[in-house]
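Asks: Below, each chain spelled out in residue letters.
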Amino acid sequence: QSIEELKAQLEALSKRIEELEKQQKKTPKVKKADPAFSLGSDDGLFEFNIRGRVLADAGWSSDSDGSMDKDTTELRAARIGVEGKAWKDVKYKFEADFAGNDVEVKDAYMQYKTSMGSWTFGQFKTPNSLEEQESSLNSNFIERAAFTDAFALARMIGIGYGNGGDNWTFNAGVYRGSNDGSVDNEGQVFAARATYGDTFDNGNWMLGASVRFRDVGGDGDLLRYRQRAYLHSADRLLATSRIAEKDTFYGLEGAVQYGSLNLTAEWAGLTAQNGGAGGRDAFFYGGYVEAGWFITGETKPLNLAKGVWNRPKIKAPVHEGGMGGWQIAARFDRIDLTGDGVYGGEQDTLTLGVNWYLNRHTRFLANYSYVNIDKAFDVAANGADGENSADTLGLRFQVDW
Amino acid sequence: QSIEELKAQLEALSKRIEELEKQQKKTPKVKKADPAFSLGSDDGLFEFNIRGRVLADAGWSSDSDGSMDKDTTELRAARIGVEGKAWKDVKYKFEADFAGNDVEVKDAYMQYKTSMGSWTFGQFKTPNSLEEQESSLNSNFIERAAFTDAFALARMIGIGYGNGGDNWTFNAGVYRGSNDGSVDNEGQVFAARATYGDTFDNGNWMLGASVRFRDVGGDGDLLRYRQRAYLHSADRLLATSRIAEKDTFYGLEGAVQYGSLNLTAEWAGLTAQNGGAGGRDAFFYGGYVEAGWFITGETKPLNLAKGVWNRPKIKAPVHEGGMGGWQIAARFDRIDLTGDGVYGGEQDTLTLGVNWYLNRHTRFLANYSYVNIDKAFDVAANGADGENSADTLGLRFQVDW
Amino acid sequence: QSIEELKAQLEALSKRIEELEKQQKKTPKVKKADPAFSLGSDDGLFEFNIRGRVLADAGWSSDSDGSMDKDTTELRAARIGVEGKAWKDVKYKFEADFAGNDVEVKDAYMQYKTSMGSWTFGQFKTPNSLEEQESSLNSNFIERAAFTDAFALARMIGIGYGNGGDNWTFNAGVYRGSNDGSVDNEGQVFAARATYGDTFDNGNWMLGASVRFRDVGGDGDLLRYRQRAYLHSADRLLATSRIAEKDTFYGLEGAVQYGSLNLTAEWAGLTAQNGGAGGRDAFFYGGYVEAGWFITGETKPLNLAKGVWNRPKIKAPVHEGGMGGWQIAARFDRIDLTGDGVYGGEQDTLTLGVNWYLNRHTRFLANYSYVNIDKAFDVAANGADGENSADTLGLRFQVDW
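Protein chains in written order, with this note's numbering: chain A, 1 to 401; chain B, 1 to 401; chain C, 1 to 401.
Among the clues, some could well be false.
Said to hold, decoys possible - List time: in silico DSS-like cross-link candidates among lysine-lysine, alpha-carbon distance up to 27 Å:
no., chain 1, residue 1, chain 2, residue 2
1, C, K15, B, K25
2, B, K25, C, K29
3, C, K29, A, K26
4, A, K88, C, K32
5, C, K313, C, K106
6, B, K26, A, K91
7, A, K306, A, K113
8, C, K25, B, K25
9, C, K313, A, K29
10, C, K31, C, K91
11, A, K22, A, K32
12, B, K313, C, K88
13, C, K25, B, K313
14, C, K26, B, K313
15, B, K88, B, K31
16, C, K313, A, K25
17, B, K31, B, K306
18, B, K88, B, K113
19, C, K91, B, K31
20, B, K29, A, K32
21, B, K306, B, K32
22, C, K32, A, K15
23, C, K313, A, K22
What the hints assert, rightly or not - So the derived label-pair ranges between C-beta atoms look like this:
no., chain 1, residue 1, chain 2, residue 2, range
24, C, L137, A, K15, 39 to 47 Å
25, A, L261, C, G44, 50 to 58 Å
26, A, V354, B, D184, 20 to 28 Å
27, B, K315, C, K15, 33 to 41 Å
28, C, F190, A, K15, 51 to 59 Å
Because the hints were derived from the structure by calculation, they are not lab data. Ideal Cβ placement from N, Cα and C applies to all residues, glycine included.
Working from the sequences, and respecting the hints, build out all of it.
Replies: Put into structure tokens, the structure is as follows:
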């Protein structure tokens, strides 16, 4: 009797479990909560998550020539986007920025991974410069090094190929134009980057190199080179006129992560074809050396398989009652836009920074920078001597999801 | 035998349950379906949901002076956004509006809750006026009272502090500029608001007060004050020129919820420093008295802990075969932008409204308003006598998620 | 003893199952992974999913008159949006496009389904033309037939009514303006469409007809009619001036799906009231015949209940090691914008296409088209003889979610 009852009960339970198993198959799984949920299907065919960020900045900048006196705020980034897998090997990403109440589509691509490497179609970054490849969410400082903007490293519409292993990467692509308007004939861009690195006790190192060839075509505006006095809200005290139809960029990179310390150095040269006096090529260059150190012991990971710095994990985030992560950083940054009769100017920038991470996805940044400018005769704001100097103070709060 | 069999079966079931429990931990939980899903993790560290709204309006407005004859439609709001928790105490919100095929970033902030109150960083509303704090999704009428726009209550970039209890709130913040462009020197804004209320039989009451000090700084445009003839598609028949570098706003609020009835009254004064004739301060004021009543018995909740009106729950939504929620509302609204030699005009608006809620997140609104204008000599459309009157009819359908 | 033990174990399992069942109710269910997850609640009251697309195009076009020489790329679409149910019968949809770094709100509506048909409020397509109703995600070609743009079929703000059965549809609506700016008096638009079809062995057929009456009202710009040389990046070599305050559109459609073959033909006429010489009505017309065929055996479904072509299912997608879906297509397309003294031009376009579907939501398209233009005296680019011809080559990669 009792056994019969138990059998019946067992059967009933079994049915309820069956129903639960059936329902379970219909529920999405959380692949990551980072911090928005990345949902995935059990079979690995699908994945989807919402991305986005808000970067709110306050900036003060003034120069010794008295031409710049800024005291302003802005949303430096205000983005929403999506990322997902459309059947396993096909990944897509789309993100738009609404800073300044304007639209700027950022990544907008589809990527097809094969055993022989991945193919990317759409709008994405040309593979140049370690710092340009790094997300601004992870950077040691509020703004990137001067040469990345001055040499116009950016997202373009194109086709890219990528391959790599545990400690190397290779990326190359052909590009034309971007989502930001278009001209009748867009010219062409070719770019490629390779990195190689290895692991040692308590750290990693990585070396890299990249090139980019640009030809604006017959109809496009000629190329120019310019940069702000560190902060985005500061003026451009360094600039050439539109001087070249073609240019060649080549860059070298080195990075070391040792415990809580991260060190990066880059050098980049650019030849603006026929951009100089008498139709000679004009040669410009830039580069920086920077160091970041987590007082609170975190590691900023150097991802050798992707060829970029990644986001640090915070040891004692505030929601656990910790004091978050505290990082200090320093950078010396030079850009030289003079040469062969072009006087765009030389700019040396020393930047000191303190960053406070509440958690992995929320942080405050404070940067002071001293900017010294020389030979910038092409920019009226610097006066007749072509010299100037500026002090800037930048504050940022950052959240992403 | 039989027992051995049962034991084996039991063990098998136990394993299946274990697997289900493991899977269960990886699934997100629905915290709210409101009506987009708000997903959360079991540990309370994460939460995420997509927000948005579409408000489609049709408006007719004409004036007795024959200068305005509008008959037009618009998307009054077309928004998408996200809201979430990045580790428990840190909340973020981001929303962008695309009405008129333009971009306007709305809320874009991170909020850190501590036991001593919450800190907000980014772009958000200054804490002024009960109606300005209320979402337009919940309002009794299509447009807010005249003084909220006339006195430029808005979202700004800043840092805010908030605290409160079950029946009181206190919020204060410092602000500078917004995502909508920027000037070299943005000046400063300080604002604060406090509310206190209590519960009585079948209802609640709340009193509040707020202030705002603005200083546009040396570089910004001078401040001006203006308002439309009720509808967003109507003209601005009330306006001052740009007259002041600094102004002070102070407002008083009172609200009562009694059963299906909601009553609100606000008064706001503004002193435009040196804005009047001979450099005297110009004083303006505005205010309104409004009542809303649900014929179908719903309650519009007065949230004493947040200091705002909340969204009503609909008793018999259409998807359950009900007739939805029916509300009628009336408002008398005055704004006076004259004083000390400034003739921006006085505007009295009587608005009658009928609202039909299909459900908690979908409704239709119909508003008729009669607008009477006097002493508006500064607006040419009102003619030499500075007098005018307008009739407006507004229809809206609204959905949010 | 043993039985007692088993009983206790059974009870323990039962409790764990109960807990699982409770949790299960709080988890969202995947209604579709298409490829972003559409999440729904068990009770059918709620559903929600994120939508979007990226279409990246490269285009080459040149004409025999030497006025056009294009060689350019663009994001033809870059969209994000949401779709959901707010309590069962009430559906909403919102999507915004950021192509060209501009904003264009697309669908933005709420739809209430009743047993007597559905009511739609907001911005959505007027019900005209089979191809206009079809999503560009599913189309055989990169661009739609010439008359759809030339006759300005588009989304407008309005109220629509729809009804239908398994093999018929009826839609009608009244409209005024759109989210793209507004004028004081927007005039009116009325549009309606009906389709009927049936199934035969291995296929379906459908016939349809639609009308649209437009009156821009007194204040709006007069109506004009124009079209590009097939590609979006090509110039408009066909155009009238702004000639009419009112026009009437009427269209006929026929479609057949037979196995892997899809055939469509449409004809549309438009009378531009008083648009011709001497105030006579000007009559224009356009139409096309097209065929698409899946080499790899897929079917492009003709949805008789919705009156549109749907998206094909791919038999051997690349993630399963297949070669994807391969489709070829051809279209002859005519538009005639001449008549009664108006010389907007006649344009005949022959387009050949090859489409490769990696999977249901990712594809590449290649189109070649030959465009012949005659009597286009109103467009200076065509020279004094009003004749011209153009060759275009278009490539697209497309992903949606």
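Asks: Now, for every hint given, state plainly whether the structure supports it.
Replies: Evaluation of the provided hints:
1. C:K15 - B:K25: 17 Å, holds
2. B:K25 - C:K29: 15 Å, holds
3. C:K29 - A:K26: 5 Å, holds
4. A:K88 - C:K32: 16 Å, holds
5. C:K313 - C:K106: 26 Å, holds
6. B:K26 - A:K91: 22 Å, holds
7. A:K306 - A:K113: 14 Å, holds
8. C:K25 - B:K25: 14 Å, holds
9. C:K313 - A:K29: Holds, at roughly 25 Å.
10. C:K31 - C:K91: Holds - the C-alpha atoms of C:K91 and C:K31 are around 15 Å apart, at most 27 Å.
11. A:K22 - A:K32: With Cα atoms ~23 Å apart, A:K22 and A:K32 stay inside 27 Å; holds.
12. B:K313 - C:K88: Distance of about 17 Å is within 27 Å: holds.
13. C:K25 - B:K313: 22 Å, holds
14. C:K26 - B:K313: 21 Å, holds
15. B:K88 - B:K31: This hinted pair holds, its Cα atoms lying about 14 Å apart.
16. C:K313 - A:K25: 22 Å, holds
17. B:K31 - B:K306: 20 Å, holds
18. B:K88 - B:K113: 9 Å, holds
19. C:K91 - B:K31: Since the Cα atoms of C:K91 and B:K31 sit roughly 21 Å apart, the hinted pair holds (cutoff 27 Å).
20. B:K29 - A:K32: 14 Å, holds
21. B:K306 - B:K32: 19 Å, holds
22. C:K32 - A:K15: Satisfied, since the Cα-Cα distance of roughly 25 Å is no more than 27 Å.
23. C:K313 - A:K22: 25 Å, holds
24. C:L137 - A:K15: 39 to 47 Å: Distance hint for C:L137, A:K15 holds at roughly 42 Å.
25. A:L261 - C:G44: 50 to 58 Å: Because 56 Å falls inside the window, the suggested range holds.
26. A:V354 - B:D184: 20 to 28 Å: 26 Å, holds
27. B:K315 - C:K15: 33 to 41 Å: Taking Cβ atoms as reference, B:K315 and C:K15 lie about 37 Å apart, which means the hint holds.
28. C:F190 - A:K15: 51 to 59 Å: 57 Å, holds
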